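So the protein lines, in turn, are chains A and B.
At position 10 of the first sequence (counting the first as 1) the number is 10 in the numbering used here, and the numbers step up by one without a gap.
At position 24 of the second sequence (counting the first as 1) the number is 24 in the numbering used here, and the numbers step up by one without a gap.
Please keep in mind that the hints were generated in silico from the structure rather than gathered at the bench.
None of the hints are false.
Taking lysine to aspartate or glutamate pairs in the EDC-like style, the calculated list, with each CA pair at most 20 Å apart, reads:
id	chain 1	residue 1	chain 2	residue 2
1	B	Lys262	A	Asp69
2	B	Lys413	B	Glu434
3	B	Lys373	A	Asp41
4	A	Lys40	B	Glu385
5	B	Lys262	A	Asp74
6	B	Lys374	A	Asp41
7	A	Lys262	A	Glu305
8	A	Lys11	B	Glu177
9	A	Lys264	A	Asp289
10	B	Lys261	A	Asp69
11	B	Lys66	A	Asp47
12	B	Lys376	A	Asp41
13	A	Lys40	B	Asp378
14	A	Lys40	B	Asp379
15	A	Lys247	A	Glu274
16	A	Lys19	A	Glu86
17	A	Lys40	B	Glu383
18	B	Lys376	A	Asp69
Every beta carbon over 10 Å from chain B, so not counted as near; a handful from chain A, in silico:
id	residue
19	Asn60
20	Arg120
21	Ser179
22	Leu184
23	Asn187
24	Tyr200
25	Arg220
26	Cys273
27	Leu319
28	Ala366
29	Lys415
30	Thr451
Predicted model, so just to flag it, every value in this text is computed and none were measured.
Quick reminder that beta carbons are idealized off the backbone N, C-alpha and C, glycines included.
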Amino acid sequence: MFGKKKSEGFKIIIVGCGKVGTTLVSQLTREGHDITIIDKDQSIVNDVTGTYDVMGVAGNGASFTVLQDAGISDADLLIAVTDSDELNLLCCTLAKQFGNLSAIARVRTPDYSKETNYLRQKLGLAMIINPELEAALEASAILALPNALEVNSFAHGQATLVKFRLPEDNDLVGRTIASIGSSLKSNITFCAIERKGEVYIPSGAFTLEADDVISYVSNRRNASNFLTEIGYKSNKVKDAMIIGGGKGAYYLAEQLISMGIKVKIIETDKARCEELSLLLPKAIIINGDGIDQELLKAEGIQSAESFIPLTGIDEVNVLLTLHAKNVSDAKVITKINKINYNEVLDKLDLGSVIYPKFITSEAIVAYVRARQNSGKSSNIETLYHMFDSRIEAIEFKVDAASAVTGVPLKDLKRKDDVLVAFINRKGRIIIPKGTDSIEKGDTVMIVTKNTGFTDIQDILA
Amino acid sequence: MNSKIIRYLFGKVLIILGMLLLLPCLTALIYREQEGYMYLMVAVVTVLLGLLFSLKKPEDTVFYFKDGCFITALSWVIMSAIGAVPFVLTGEIPFYVDALFETVSGFTTTGASILSNVEALSHCSLLWRSFTHWIGGMGVLVFLLAIVPMNGGSHMNLMRAESPGPSVGKLVPKAGETAKILYVIYMGLTVLEFIFLVCGKMPVFDAICTSFGTAGTGGFGIKCDSMLSYSPYIQWVVTVFMLLFGVNFNAYFLVLFGQIKKALSMEEVKTYFAVIVGAVAIITFDVVKICGNFKDAIRHTSFTVASIITTTGFGTIDFNKWSVTSRLLLVSLMFIGACAGSTGGGIKVSRFIILFKTVKKELLSYMHPKSIKKIKMDDRPVEHEVVRSTDVYFITFVIIFVVSLFAISIDGKDLVTSFTAVAATINNIGPGLELVGPTENYAFFSPFSKIVLMIDMLAGRLELFPLVLLFYPVMWRDLLFSTIREKRKKKKID
Numbered sequence: 001m002f003g004k005k006k007s008e009g010f011k012i013i014i015v016g017c018g019k020v021g022t023t024l025v026s027q028l029t030r031e032g033h034d035i036t037i038i039d040k041d042q043s044i045v046n047d048v049t050g051t052y053d054v055m056g057v058a059g060n061g062a063s064f065t066v067l068q069d070a071g072i073s074d075a076d077l078l079i080a081v082t083d084s085d086e087l088n089l090l091c092c093t094l095a096k097q098f099g100n101l102s103a104i105a106r107v108r109t110p111d112y113s114k115e116t117n118y119l120r121q122k123l124g125l126a127m128i129i130n131p132e133l134e135a136a137l138e139a140s141a142i143l144a145l146p147n148a149l150e151v152n153s154f155a156h157g158q159a160t161l162v163k164f165r166l167p168e169d170n171d172l173v174g175r176t177i178a179s180i181g182s183s184l185k186s187n188i189t190f191c192a193i194e195r196k197g198e199v200y201i202p203s204g205a206f207t208l209e210a211d212d213v214i215s216y217v218s219n220r221r222n223a224s225n226f227l228t229e230i231g232y233k234s235n236k237v238k239d240a241m242i243i244g245g246g247k248g249a250y251y252l253a254e255q256l257i258s259m260g261i262k263v264k265i266i267e268t269d270k271a272r273c274e275e276l277s278l279l280l281p282k283a284i285i286i287n288g289d290g291i292d293q294e295l296l297k298a299e300g301i302q303s304a305e306s307f308i309p310l311t312g313i314d315e316v317n318v319l320l321t322l323h324a325k326n327v328s329d330a331k332v333i334t335k336i337n338k339i340n341y342n343e344v345l346d347k348l349d350l351g352s353v354i355y356p357k358f359i360t361s362e363a364i365v366a367y368v369r370a371r372q373n374s375g376k377s378s379n380i381e382t383l384y385h386m387f388d389s390r391i392e393a394i395e396f397k398v399d400a401a402s403a404v405t406g407v408p409l410k411d412l413k414r415k416d417d418v419l420v421a422f423i424n425r426k427g428r429i430i431i432p433k434g435t436d437s438i439e440k441g442d443t444v445m446i447v448t449k450n451t452g453f454t455d456i457q458d459i460l461a
Numbered sequence: 001m002n003s004k005i006i007r008y009l010f011g012k013v014l015i016i017l018g019m020l021l022l023l024p025c026l027t028a029l030i031y032r033e034q035e036g037y038m039y040l041m042v043a044v045v046t047v048l049l050g051l052l053f054s055l056k057k058p059e060d061t062v063f064y065f066k067d068g069c070f071i072t073a074l075s076w077v078i079m080s081a082i083g084a085v086p087f088v089l090t091g092e093i094p095f096y097v098d099a100l101f102e103t104v105s106g107f108t109t110t111g112a113s114i115l116s117n118v119e120a121l122s123h124c125s126l127l128w129r130s131f132t133h134w135i136g137g138m139g140v141l142v143f144l145l146a147i148v149p150m151n152g153g154s155h156m157n158l159m160r161a162e163s164p165g166p167s168v169g170k171l172v173p174k175a176g177e178t179a180k181i182l183y184v185i186y187m188g189l190t191v192l193e194f195i196f197l198v199c200g201k202m203p204v205f206d207a208i209c210t211s212f213g214t215a216g217t218g219g220f221g222i223k224c225d226s227m228l229s230y231s232p233y234i235q236w237v238v239t240v241f242m243l244l245f246g247v248n249f250n251a252y253f254l255v256l257f258g259q260i261k262k263a264l265s266m267e268e269v270k271t272y273f274a275v276i277v278g279a280v281a282i283i284t285f286d287v288v289k290i291c292g293n294f295k296d297a298i299r300h301t302s303f304t305v306a307s308i309i310t311t312t313g314f315g316t317i318d319f320n321k322w323s324v325t326s327r328l329l330l331v332s333l334m335f336i337g338a339c340a341g342s343t344g345g346g347i348k349v350s351r352f353i354i355l356f357k358t359v360k361k362e363l364l365s366y367m368h369p370k371s372i373k374k375i376k377m378d379d380r381p382v383e384h385e386v387v388r389s390t391d392v393y394f395i396t397f398v399i400i401f402v403v404s405l406f407a408i409s410i411d412g413k414d415l416v417t418s419f420t421a422v423a424a425t426i427n428n429i430g431p432g433l434e435l436v437g438p439t440e441n442y443a444f445f446s447p448f449s450k451i452v453l454m455i456d457m458l459a460g461r462l463e464l465f466p467l468v469l470l471f472y473p474v475m476w477r478d479l480l481f482s483t484i485r486e487k488r489k490k491k492k493i494d
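Make the full structure from the sequences, and use the hints.
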């Protein structure tokens, strides 16, 4: 009992203790980090410090003294998740002045969302996170492939990872990865295959069998094309009905339209409707109350292929979902912002449920984990665990020329069970062939069964 | 209530207590005293009991503030009950109530004794007496926090229950780390004092016991005349260290991290020293007449003031003979006590600061009925909740004080004796005035009065409410029901 566990956690300051802030506190304390929270509301600070083993400071997170009180001088990471985008950015910019720490800001307004990369580079932030956008990306990924087992988006929605089960009668059964690759039009990378509880990272000679759970990576467009090509029914939806016209609805509509899905948005506020119609000229904007059954009927809920309630009120979303399930066969996605009754929700058969607060906190936790795994000078952008943590998918930033860069992949001597899933070159996703090479400035995703990679050079044998 | 975690933590407390009981055993080994066997026996039994209780770690380790208070109060009572056993077994204090009084007085860092001749005690018993001060000073549950890794956010509930002061803050984000830092500062200062004392040619054993007594702001001496027979140098060292242990430990934390300026500007620390300087100045003026020369007068006055305000209770002089004004001043100091977050007792300087500021605010509201003024301390707003609980604390303190006074008045002692006896125990000081003055002891009280005074000591050390909760029937009912519910659930599963 006198054993002393050395704490190797980071010193993290979290500014703003709303839904995301609290979720982060809960997850990061569990992983053993030293956390200090800042919130302008003293009673929230009291609540959080009473529930979790963290220190609290009440005040404005963008104030010099408050940050100092929170111990910014020796902090490793600052996460700003207040309501205000501007405050979050200001917090991070200020915090960076104190010295060597990383900063993560939540920025939600569409005005900034197009400039995320610019902001991130200019302000030197580790991460800018937009939960509404991430939620929209996830929702659109689900709508694109409603029949897949799991769909995840990477590289800010540019790349998609799809998991599906190979049916017995499919053409791919019995063929090797290499032979499939050469005959397909859509560019994809087979990342991992799960067969009878074992997970494999497939080489070219790997033969697929029926009932394999296959996960592959591709750019967004190809994700569904591939499934169509191999004759797997993807049932991509053709239209979507969105209730509520908030930020999330805007992001989602934008995604869906770019995927060729027709979008209809029902929003109560007239002025917002006008705004939306300017922003989304291709969408149908209906000014009316989305809770009104008659209106929903008139707008054709019965024949809608997908239905996504995105009102600000969770209870209403759940109710609308249940209603839609009742009157139509639409694919429904429920967004839950706040309420925390997972067990009850599971029983309700809501279909796909999206929790923006978890998307945000998971992304941040993944970042922190990546930093922790690799020490402080790492080139890891993000780290994902797949198949119950048996496989790691790591995004590396390639900052400098090295033995890895400029060499065609087929000539790179790699370790076993290491796969280059995709190369992100200036926002464009390249599914690499043997002749492609990694270049300076790329971001590369590696899928591997090894652990503890901290640099792209670690993939070399 | 989570009865399982209460049982588990309780077991851990017993194990720690058992380990701590080994220190007197070691002393007995060095001095070849037979009494050591008794300590060893109690230690072994306690550890075994502790292991039995904490054998199974509960899955649900979440506990709330009430559980924290409950486990704290109960631990202190049981620790005292066990800690008293060796005194009875060795025959040095034959009556259990007396032994219990001595141990409660030790753990609560009061220093009120029922022994008329301490020098007759064996070395191991003397050490145990002083060591209880050291354990009680920082608190055994804070120690538990420092060494037992726990998960969940429940730690603060233990610390809040055991630490003195109106609002308990952490020094670093993790409660466990905070507890460690506190204990490191505590041990560091104790060792420092020991070194200074040994340099002053104090025998090693005396220096250890005195350091323990000072660190916990306890005040058990190992000589019948307390500190009188030691050299002026030693008396000055003890004076300084008593004052240091009465300072809010947050100040030391700030000093350790190079923020000396911030430490010195702490309102509570400044007020604390201002009160001390003021009191010393006034009393010295008075005592010069008795001592005859200024040098002795200021030494005795400083020592006494430090001893009283930090609620230590060592003595170099019989202040019973001082003028009424001086004695009254000392009694006032008893109530003020040390800083919050120190090892001292009393109502605490910071509470008085808040109370005075509340009065000032009230006056302002008479002048300007619609005015709004937030009470501030160290340039930060004091939350309404803290102000409210400070007010309630004060009122509860007065209630407990008056009730206790009535209870011991049955013994028929004079008012000054009775009043200061309660004041000296509930504020964890030790010596009072008249019959319980610095050269006297508490032996003459009836067992009933002794029990009342013990409750006062525990209430004072645990900041009233955790202990009062023990007397709150709803608490016990809650615990009983939760245990029964657990049992039923188990049956159902079986």
